[in-house]
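J.: In the order they appear, the protein sequences are chains A and B.
Counting with the working numbering, you get residues 2 to 142 for the letters of the first sequence.
Counting with the working numbering, you get residues 874 to 1189 for the letters of the second sequence.
Worth flagging that the hints you see were computed from the coordinates, not collected in a lab.
You may find that some hints are simply not true.
Unchecked claim - Rough simulated footprint, nothing fancy, chain B against chain A, three-plus residues with beta-carbon under 8 Å:
no., segment
1, 90-103
2, 116-126
Unchecked claim - The calculated DSS-like cross-link candidates involving lysine-lysine, where the alpha carbons are at most 30 Å apart (straight line), are:
no., chain 1, residue 1, chain 2, residue 2
3, B, K932, B, K1106
4, A, K33, B, K1184
5, B, K1184, B, K1109
6, B, K1057, B, K932
7, B, K932, A, K33
8, B, K1057, B, K1184
Glycine included, C-beta positions come from ideal geometry on N, C-alpha and C.
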Amino acid sequence: MNILGLYNYWIVVVLMMIGFYIVIAHENLIKKLIGLGIFQTSVFFFYISIGKVAGGTAPILDEKYQLYSNPLPHVLILTAIVVGIATTALGLALVVRIQEAYGSIEESDIQAQDTLDQLECSLEAYGIEHAEKLNDQDFNE
Amino acid sequence: MTAIAMLRMRDLLAVVMLSGIYSLISASLFLDLDAVDVAFTEAAVGAGISTLLMLASLKLVGRFENKSRYKPALALGVVLVTGALLIYGTLDMPHFGLADAPAHLHVAPRYINDSMAEIGVPNIVTSVLASYRGFDTLGEVVVVFTAGIGVMSLLLVSRQTKEESQTMVPADMQQQIILRVVAKFMLPVILLFALYVQFHGDYGPGGGFQAGVIFAAGIILYTMLFGLSNSQKLFKRKTMELLTAVGVLIYGGVGVACMFMGGNFLDYSVLRHDPVHGQHLGILLVELGVGITVASVMIVIFFKFTWRTVKHQYKE
């Protein structure tokens, strides 16, 4: 019994951290979705490797075999993969709409445009007329 | 390995291609870990459909990533600390492949030992999926259905004018004679295989989820090679959108039917006089519902993305 018997978890952790890093360090929304995908597969590997029994076989009953791997994680992950692609498609659809609304899918560009909009709104709320003109001047200077 | 390359590259097209390869490698790893059903699904979903959806959206949003302006040092620090903590957490986990790990001690022995007598289906994954955890799977199917509705409402296509619906949308790969001929031979085989996977899921690896994605992948292949208009003649938009709901309805309907016949919700044993026959019938119907919903949701999602691309090109 040595510590190396835990290697499956370490692979999972490394994959998970790669996905996590992509999600928090990259600004491109599509890249973030891909990072989430890697994160997701790392969880799949975690479940499936827990289900594995050394010397076992695939859980389809047959008289020739006695030892089977645990079928429960397989069921959970099988459905999770299909649900995962459906939700990824939803995310991609959102990204497409963001691109159409903002003309960019980089996070910082989107935030800059949002702050600009807020500025304009608050100026209008204070009753400053021609808010757009004012802003244009500000940005020209 | 592949994941690291994906991390570094800024050309998103290459990243998407790599993610396809990554999925294929994952699928073979799942196979090695005895999860045949999972490997099946991952190969069809990850290497097939998700790569295509990513490509379709890349066409809409542009291919290159901007140079990151943040300093990645902070992110790297957070990641390293989290990773170290997680690895520390694994130290008291059971070793890989151990037969007496806690995960194998609770419900799994019941599934492995008794499912043949109770359900009469050799593939334990299918019997757990459709019968023991049938309620859970109903939830998953509803999630897939909801995601499909979400994509439909996000990527609404304004009602087509007559002109538009009559103009043929040429496929990008119209010129590729070899691909078209090979695809024509392959397509019936792929669809037949999907049906085999659907109805043979009781005995071998397979079932509604896998069959649904394989069927959808076949249709998507056809759409790419012969154009959207051709395939929409065969798979009308209205019909497909209706089918997404029909699948869920079949699943729920079987459950309600069980209640009317005196059992619990999704307790198939009452469907026939012999409980095992009832289970067989119930699983078959439920898997059919799953297959219909999954296939039609995938096809609808792909059509939505492609329509968006076509509209995009018309505008320019």
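J.: Checked against the structure, which of the hints given earlier come out wrong?
T.: Going through the list in order, the structure violates hint 2 alone and respects the others.
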